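Residue numbers (our numbering), protein chains in the order written: chain A, 27 to 137; chain B, 3 to 117.
Don't read these hints as lab results, they were simulated from the structure. One thing to keep in mind: the hints can contain errors.
[Stated by the list, open to error] Quick look at which bits of chain B chain A covers, simulated, 3 or more residues with Cβ under 8 angstroms:
1. 71-82
2. 105-112
[Stated by the list, open to error] Non-contacting residues of chain B with respect to chain A, defined by C-beta distances greater than 12 angstroms in every case (computed):
3. K13
4. E16
5. K19
6. S29
7. P63
8. R66
9. Q86
10. E87
11. S89
12. T117
Source: prediction; values computed, not measured. The beta-carbon is built from N, C-alpha and C at its ideal position, and this holds for glycine as well.
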Amino acid sequence: LAKTTQPISMDSYEGQEVNITCSHNNIATNDYITWYQQFPSQGPRFIIQGYKTKVTNEVASLFIPADRKSSTLSLPRVSLSDTAVYYCLVGDVDSSYKLIFGSGTRLLVRP
Amino acid sequence: GAGVSQSPSNKVTEKGKDVELRCDPISGHTALYWYRQSLGQGLEFLIYFQGNSAPDKSGLPSDRFSAERTGGSVSTLTIQRTQQEDSAVYLCASSAALVSSYEQYFGPGTRLTVT
Chain A
27 LAKTTQPISM DSYEGQEVNI TCSHNNIATN DYITWYQQFP SQGPRFIIQG
77 YKTKVTNEVA SLFIPADRKS STLSLPRVSL SDTAVYYCLV GDVDSSYKLI
127 FGSGTRLLVR P
Chain B
3 GAGVSQSPSN KVTEKGKDVE LRCDPISGHT ALYWYRQSLG QGLEFLIYFQ
53 GNSAPDKSGL PSDRFSAERT GGSVSTLTIQ RTQQEDSAVY LCASSAALVS
103 SYEQYFGPGT RLTVT
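With these hints in hand, go ahead and build the complete structure from the sequences.
Here you go:
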C-alpha cells in the first residue's frame, strides 16, 4: 500500500476554502485515492474517492494531477462543523480490504 | 436507514477480565471490519470478515484477541485477560461487497478502559 504524507494540522476561518494536499509518490496503477473525515468521538466517514483528474460531490472536490503522485481535497466555504481530522488513503479498492490510516490532518475552523 | 451500531458505547473493566464488544453492521453488508484507535492516534486494522469467514487475522495484536461473526451479520470482538494497553476505542465498519471496499461505514465505536 502506498505511503501517504499530509500536513499534521491546518487552521482556517469560516467561509474560506480549505485545500488539504496529500503526497503519495509510490501510488500504483490500480490504486484509488480516498478521503475520510473523523469528528471527535465518532468513527471516520467516507468523503470522496477518485482515480484521476477531478471528482466533485456535495461535500468536497478532489483534484488529482496527471502523475497522480499527490491529491488535494478541497472544502468550499468551511464552517465550524468542518473542524475534524481528514485522512488521505491510497490503495487498490478492488483487492485491498483494510484501510491504512495515517496520522491525518487536523483541521481547525475558527469563527 | 440504520447505520452500523456498536455496544456497549463505553466499557470500563479491570485488568485481567475478559470483555466482549458487539457490532451490528448495515443490513446486507457482507464485509465487516474491526479497527482500534488509541488516544490521539490513527486507526489500526485488526480483522476483516467476508461473510462469516475471516481471511486475514494478522492485525490482531495477540492471541488474547479473537473475533467471530455469525449469520453473516453480528460480530463480536473478544479480548481475554485485558491489559491496560488494550485501552482504546474499538471501531467496527461494514461495506457492501459490490462497491469499493474503501467505502466503509463506521460505527460510533466502543471506548474500552482497562483499569
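Structure-based check of all given hints:
no.	hint	in the structure
1	71-82	violated (count 0)
2	105-112	holds (count 7)
3	K13	holds (15 angstroms)
4	E16	holds (24 angstroms)
5	K19	holds (24 angstroms)
6	S29	holds (18 angstroms)
7	P63	holds (15 angstroms)
8	R66	holds (20 angstroms)
9	Q86	holds (21 angstroms)
10	E87	holds (19 angstroms)
11	S89	holds (15 angstroms)
12	T117	holds (20 angstroms)
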